Amino acid sequence: MSEMSAFQRRFLNRAEAVDLFTQAEFDKELELAKQDILRMAIAVTGDAISIEREICAKIAEKFDQAAADAIRNHVDKPDVEH
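For any residue, its number in the numbering used here is found by taking its place in the sequence shown, counting from 1, and adding 474.
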């Protein structure tokens, strides 16, 4: 990590610094932000898988329609042992 600039040192060392929020408020907002990021990552990953599956199905269509349909209709199922 690089050294702090003179501006950064002055800004961080100001005696008149004002707390904009408490640590608890910060922690709460940080947790909400993490949840939003995770929710978005899950949604984007699902979209990417759908796009990839459709492209694979289009390639398979050239050789075997049944294979293309199987790719399009594939539903991920959790591996659960009973």
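I should point out that these hints are in silico values taken from the structure, not numbers from a laboratory.
Each hint should be verified, as a subset may be incorrect.
Simulated DEER-style distance windows between Cβ atoms [to be verified]:
hint : residue 1 : residue 2 : range
1    : Ser479    : Ile525    : 41 to 51 Å
2    : Cys530    : Gln482    : 44 to 54 Å
3    : His548    : Asn487    : 31 to 41 Å
4    : Val518    : Gln497    : 43 to 53 Å
None of these values were measured; they are calculated from a predicted model.
Every residue, glycine too, gets a C-beta built ideally from N, C-alpha and C.
Hint check:
no.	hint	in the structure
1	Ser479 to Ile525: 41 to 51 Å	43 Å, holds
2	Cys530 to Gln482: 44 to 54 Å	50 Å, holds
3	His548 to Asn487: 31 to 41 Å	59 Å, violated
4	Val518 to Gln497: 43 to 53 Å	31 Å, violated
Checked against the numbered hints given earlier, the structure breaks hints 3, 4 and satisfies all the rest.
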